[in-house]
Structures are given as structure tokens and as C-alpha cells.
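K.L.:
Given the sequences, and given the hints that come with them, work out the whole structure.
For the sequence shown, the positions run 19 to 176 when our numbering is used.
Hints listed in this document are in silico derivations from the structure and should not be mistaken for laboratory results.
One or more of the hints may lead you astray.
Lysine to aspartate or glutamate pairs mimicking DMTMM-like chemistry, simulated, CA-CA at most 25 Å apart [what the hints assert, rightly or not]:
id: 1; residue 1: K57; residue 2: E170
id: 2; residue 1: K163; residue 2: D86
id: 3; residue 1: K163; residue 2: E100
id: 4; residue 1: K57; residue 2: E124
id: 5; residue 1: K163; residue 2: E124
id: 6; residue 1: K57; residue 2: E100
id: 7; residue 1: K57; residue 2: D86
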Amino acid sequence: DWAVFLPTWQWNSADGTFQGKAMDIGVGAGAQRPAGMWKDFTLRVRLRLGPTSYGGVVLRAADQFMGDFLYIQLDSTDGDLEGFRADAMNADFSFTGLVTANAWQELVVRFQGTDLSIAYNGSQLANGLQIQGLSAGGLGLIVLKGSMDVDEIAVCPP
19 DWAVFLPTWQ WNSADGTFQG KAMDIGVGAG AQRPAGMWKD FTLRVRLRLG PTSYGGVVLR
79 AADQFMGDFL YIQLDSTDGD LEGFRADAMN ADFSFTGLVT ANAWQELVVR FQGTDLSIAY
139 NGSQLANGLQ IQGLSAGGLG LIVLKGSMDV DEIAVCPP
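P.N.:
Now the structure itself:
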């Protein structure tokens, strides 16, 4: 069964969506709220990025997001969808030319064991990407630059 979460911590509700904006101090807006502890799951989120914006989802974050985690970033400035580990500068994976500003987009992420699968707007981008060292943790949303609206986020066991 799907569990639906409302990203209300430091996010504003407006026009049936939740709106997050990056803060001036360089820390992501709101988005670091864990939604339970998840090991194996499928996450579905529908979001819209503003122009010159980037943000996304944080997966398997332990220790209130102070430890390691995987961050999947959608970037409307260059159209890329990328995956980073905590505090890493280089992407673990990257898909170019996908993300469009001001358009609703659906991201579906399935994490089972060390296998990560990603679908974007109904197209399968990756199956079986190997992500080592992250056993379980919280899920979160984050905006690092600009703005991101979310009108649906749901998670379920595999």
C-alpha cells in the first residue's frame, strides 16, 4: 500500500501544492525532514521546478541527514537529473537534457538492497544501479536553488 506524505516542514501550502524555496544561507529549504526509516521502497513524487532551480529527493538518510545519503537532483538550469552521495562534488550517475522548468514532472525511484531503479516521466532511465553503503534511512525533499513545487509524494514497500 502507498503511504502519502505531506511535506509541511518549512514548505508553504498554496494552490493545492507545497512550495519550497531555497534559503539565502546556502542550506536547502525544508526538505530535510525524514519520513520514517525506509530500507526497500518505491518513492513517487510529482514536482515542478522554477527557472534556474535545482532540488530533488534525499534517500536513505541516517542521523537526521548528518550522515551519508543519496541525493537525486533535478536541475532546470541545464536539464540534468543526477545522483550524488552526501558531500560529494561528482555525480554517481547523470542523465542529461530531461528536466524542464515550470512543467510538472514525475520521478519514481525504487530502492531494493543495493539496486536503484529510476523512472522519469514514464520512461525508465536506469535499472540495477549499484549504490553501496546505505542500508536504511529517512526520505526527504530539498531545494538548493530557486523553487520547487510538489503536489504528490508517496512511498510504499517494494
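K.L.:
Decide, hint by hint, whether the structure agrees.
P.N.:
Each hint tested on the structure:
1. A threshold of 25 Å between alpha carbons decides the hint, and for K57 with E170 the separation of about 21 Å falls inside it, so the pair holds.
2. Between the alpha carbons of K163 and D86 the distance comes to roughly 21 Å, so the proposed pair stays at or under 25 Å and holds.
3. Straight-line distance between C-alpha atoms of K163 and E100 comes to about 15 Å, which keeps the hinted pair within the 25 Å bound.
4. Among the hinted pairs, K57 with E124 is consistent with the structure: their alpha-carbon atoms are about 22 Å apart, no more than 25 Å.
5. Restraint check for K163 and E124: the C-alpha separation of about 19 Å stays at or below 25 Å, so the hint holds.
6. Between the alpha carbons of K57 and E100 the distance comes to roughly 21 Å, so the proposed pair stays at or under 25 Å and holds.
7. As the CA atoms of K57 and D86 are separated by approximately 14 Å, the hinted pair is consistent with the 25 Å bound.
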